[in-house]
Amino acid sequence: MQPGIVRRWVVMLTTALCVVACSERPQDPFYESGIIYCSESNPVNFNPQLDTSGTTADATSHQVYGRLLDFAADSGRIVPSLASSWKVSADGLTYTFQLRKGVSFHTTDYFTPSRPFNADDVLFSINRWRLPTHPYHGVSGGRYPYFESLGLAENIAAVNRVNGYRIEIILNRRDSSFLANLATDFSIILSAEYAQHLQNMGTPERIDHYPIGTGPYKFNSYRKDHFIRYQRHDEHWQNQPSAARLIYDITPKSSLRLAKLITGECDAIAFPAQTELDIIRERENLLLAEKPGLNIGFWAFNTQRPPFDNPDVRRALAFAIDKNTLLEAVYFGSASRAKTLLPAASWAYQGDADDTAYNPVLARKLLDDAGIEPGFTMTIWAMPVERAYNPNAAKMAELIQRYLADVGIRATIVSYDWTTFRRHLREGLHDSVLIGWSADNGDPDNFYRPLLSCGAIPSGTNRAMWCNEDYDELLNEALQTEDIVRRKAIYQQVNRLLYERLPLVPLAHAYRYRAYRDELDGMLINPYGGVRFGGVTKAL
Amino acid sequence: MINVLTRYLTLFVLTLLVLAALSFSLAYLFPGDVLTNLTGLTPQNDMQREALARQYKLDQPYVVQFYHYLGQLLSGNWGHSFISGLPLREEIGIAMPATIELATYAMLIALIVGVPVGYYAGMRSYTPIDHTINSVSLFSYSFPVFWLALLFILVFSLELGIAPLSGRVSLLFDIPDATGFILLDILLAEDIDKGLALSDALHHMALPTLAIAIITTAAMIRMTRRSVIDVLGRPYITAARSRGLSRWQIFSRHIVRNALLPILPLMAIQITTLITNAMIVETLFSWPGIGNWLIQAIYQRDYPALRVGMLAVSTLVITLTILVDLFNRLIDPSREKYERATV
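Residue numbers (the UniProt record's numbering), protein chains in the order written: chain A, 1 to 540; chain B, 1 to 343.
Do not take every clue at face value.
Unchecked claim - With a cut-off of at most 30 Å between alpha-carbon atoms, the simulated DSBU-like pairs for lysine-lysine come out as follows:
id, chain 1, residue 1, chain 2, residue 2
1, A, Lys538, B, Lys194
2, A, Lys395, A, Lys291
3, A, Lys291, A, Lys339
4, A, Lys291, A, Lys538
5, A, Lys224, B, Lys194
6, A, Lys87, A, Lys101
Said to hold, decoys possible - Rough simulated footprint, nothing fancy, chain A against chain B, three-plus residues with beta-carbon under 8 Å:
id, region
7, 152-165
8, 285-297
Don't read these hints as lab results, they were simulated from the structure. From the three backbone atoms N, C-alpha and C, an ideal C-beta is built for every residue, glycine too.
Using the sequences provided together with the hints, build the complete structure.
Below you can see the structure in the form of structure tokens.
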């Protein structure tokens with residue numbers, strides 16, 4: 001055999017392989033033309049009116065759609081958007097909006113608009129969720145959870161078209177949060193002309209899957225579990241410099257999202273895990289943005305089982321644990337200490353609420369008074385899954401177990417697979433449980449009612465199995481009034497009641513994070529809403 | 001010849017029948033509703049349920065049901081995925097080519113590298129260079145593919161940053177699924193910079209292909225070397241030597257072809273390993289192939305998808321194995337009946 005041939009072979013092969021593998025990653029200007037965002041999950045549809053999940057809002061609200069008003073990303077103030085100005089009447093019941101002229105809807109391969117945005121589109125968008133008789137109300141299920149949870153439809157008496165670019169909304173009662181509600185991710189403006197077109201075609205449900213809006217990006221294609229493609233809307237009214245393409249790479253595993261961020265396959269990622277935050281902070285080309293989460297992690301006692309039906313026993317247990325240590329050990333500092341059920345991001349947050357402090361001596365004394373002998377045994381149920389509000393319940397349970405041992409209580413940790421775990425919880429087989437809650441919106445009722453009201457016991461969200469008539473009455477009273485100050489006062493009474501009764505120990509409100517590469521320019525983190533890519537560009 | 005073909009065809013059809021029966025019985029063995037497992041649809045009311053049950057002949061004896069099931073399979077009605085609601089044929093039609101593509105490139109590399117190196121080692125048997133090649137190939141043959149792929153990701157993607165770790169091509173390229181083979185799809189796509197897209201796709205392909213290819217290459221080297229050493233010991237080589245033929249003449253005239261014959265059936269066995277390895281590597285590199293797809297189906301308890309996915313993968317493996325075997329028979333009719341047992 002001629003060794004020359006072999007040698008030539010080896011050289012040829014190595015060259016061929018190297019052309020593929022050894023060269024640097026491509027740096028062609030083409031890669032600057034689009035932004036890839038690794039999102040955590042599939043959107044339910046492409047209309048945030050229909051869904052309160054953050055995933056849907058992130059994917060659509062600020063990309064595809066516009067709203068009458070917006071929150072300024074830096075100050076959180078309400079600023080004009082599709083409404084160029086507004087006026088509130090002296091009695092606070094009539095809101096008049098002057099609409100922006102020359103705002104164009106998306107032109108796509110499935111729809112070509114013939115006219116710019118005007119009053120008809122606002123009427124259509126609001127009346128769709130407001131009026132059960134509206135032809136589009138029942139399309140895609142007919143549920144509008146955000147507006148329903150706030151009772152907005154009942155409070156709006158009329159939406160009138162004054163002229164082509166002016167509308168007025170008349171309320172039944174004053175509502176100081178009305179403008180803020182129009183600026184949330186959910187109050188998007190749809191195209192009335194597109195809706196009419198779809199109705200003529202006999203396919204009205206396409207409005208929520210093939211969206212047409214006025215946002216900086218227009219919909220291109222979507223493949224479940226894989227990607228969403230958007231293209232720049234070149235006639236966007238704000239005329240900001242945005243990347244030509246925006247792609248959502250749907251990557252449910254947070255470790256994979258981080259890996260892709262490091263390799264540059266994603267330019268921005270949603271929700272890195274708490275344990276991964278240091279890796280992001282260590283890397284110079286990665287930036288981390290923090291966002292207070294609307295969630296609460298807590299330790300609930302089964303108040304229908306003695307001795308946990310005794311508030312003093314519950315208070316004793318609360319005094320036995322050191323919340324700050326738990327926060328450090330489980331959340332790695334990526335959560336704030338919870339005093340009440342509400343996180344600081346909620347308008348009804350009470351900064352000076354009472355909180356239990358670590359005091360094992362007092363705990364032991366209270367236990368003695370309640371007749372709990374040293375050596376008493378109880379169970380701590382630790383949920384088997386990782387959630388933002390509690391990334392490691394098992395570890396937390398072990399820490400609590402040691403704190404309880406200090407006050408003479410022997411705790412055993414219980415865990416099942418997630419389905420069985422929840423079923424047994426509903427049946428009330430636990431003594432205490434480490435679990436939590438992520439709210440759909442920032443309204444306080446969304447925390448208090450599902451977590452501790454009597455009605456929530458059968459629906460399985462009241463893990464403390466706690467039923468208190470005073471509590472339920474206060475919650476109902478708070479909903480009767482639109483006056484924010486009154487409502488706040490009522491929720492302070494609720495907090496007081498909860499502190500005295502302590503059916504559960506609030507532990508932590510976890511932050512939620514977004515991370516992105518420094519190649520992105522113009523990335524603003526909006527603390528009170530979904531991610532925004534309008535005005536974001538990329539420079540390698 | 002016709003006899004051989006008929007025999008293989010019968011074998012093929014019978015094996016597929018057994019597999020189809022297995023897949024059909026899965027609908028009953030999986031937890032949950034048989035009708036849902038079979039169709040992927042969840043009937044909303046009793047009327048729909050009855051209509052569906054009648055359509056799938058669930059009120060008839062098992063044999064009739066199975067016969068009907070076969071008809072459905074052949075007509076391309078494979079049911080729907082639980083999770084995505086899409087027709088399974090469409091989903092598998094996208095996922096399967098991705099796996100075949102990955103396995104094909106890995107096989108090509110294994111052939112292009114493994115066979116020549118094997119010949120070389122065989123020709124130089126029991127010299128230091130042969131020992132080196134032999135131990136390196138043994139070493140790489142014993143890598144678990146899972147570990148190797150993770151190592152590649154760690155070194156080449158995360159540390160050195162020279163290759164991406166997920167997918168087939170950057171999502172910035174909008175490439176429609178025409179054939180399911182990414183390189184072909186790029187060539188068929190419009191409005192994109194094809195050169196750039198091809199280079200991007202090759203970058204994406206490099207690590208997963210190498211991870212699979214290294215193990216198959218090692219196997220190829222070892223098989224070829226063994227075969228060459230066997231041939232070298234044959235009397236006709238001694239005869240050729242005594243006639244004064246040069247090393248190169250002996251190699252090209254007597255060894256190349258004779259050593260290749262015993263390797264081919266062994267390659268058939270390698271195909272199964274190759275596809276299994278490809279499926280494992282896919283999940284690590286988020287390669288949108290059938291392995292990744294099946295894992296997702298397992299996670300999400302998508303029983304209709306598992307039922308059809310199992311059938312699709314085994315059909316692929318059986319078809320390839322039988323084809324290679326048939327090919328062996330065609331080029332080497334001297335082989336006797338007992339060797340058919342390798343199928």
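We went through each hint and held it up to the structure:
1. For a cut-off of 30 Å, the pair hint linking Lys538/A to Lys194/B stands: about 22 Å separates their Cα positions.
2. Between Lys395/A and Lys291/A the CA atoms are separated by roughly 25 Å; this keeps the pair inside 30 Å, and the hint holds.
3. Among the hinted pairs, Lys291/A with Lys339/A is consistent with the structure: their alpha-carbon atoms are about 19 Å apart, no more than 30 Å.
4. For the proposed pair Lys291/A and Lys538/A, the alpha carbon gap of about 23 Å is at most 30 Å, so the pair holds.
5. Proposed proximity of Lys224/A and Lys194/B is supported: the alpha carbons are some 26 Å apart, at most 30 Å.
6. Taking the CA atoms of Lys87/A and Lys101/A, the gap is near 18 Å; set against the 30 Å cutoff, the hint holds.
7. Coverage of the region 152-165 of chain B by chain A holds in this model, with 9 residues showing a Cβ closer than 8 Å to a Cβ of that chain against a need of three.
8. Residues of the region 285-297 of chain B with a Cβ under 8 Å from some Cβ of chain A number 3, which satisfies the need for three, so the listed coverage holds.
No hint from the list above goes unmet by this structure.
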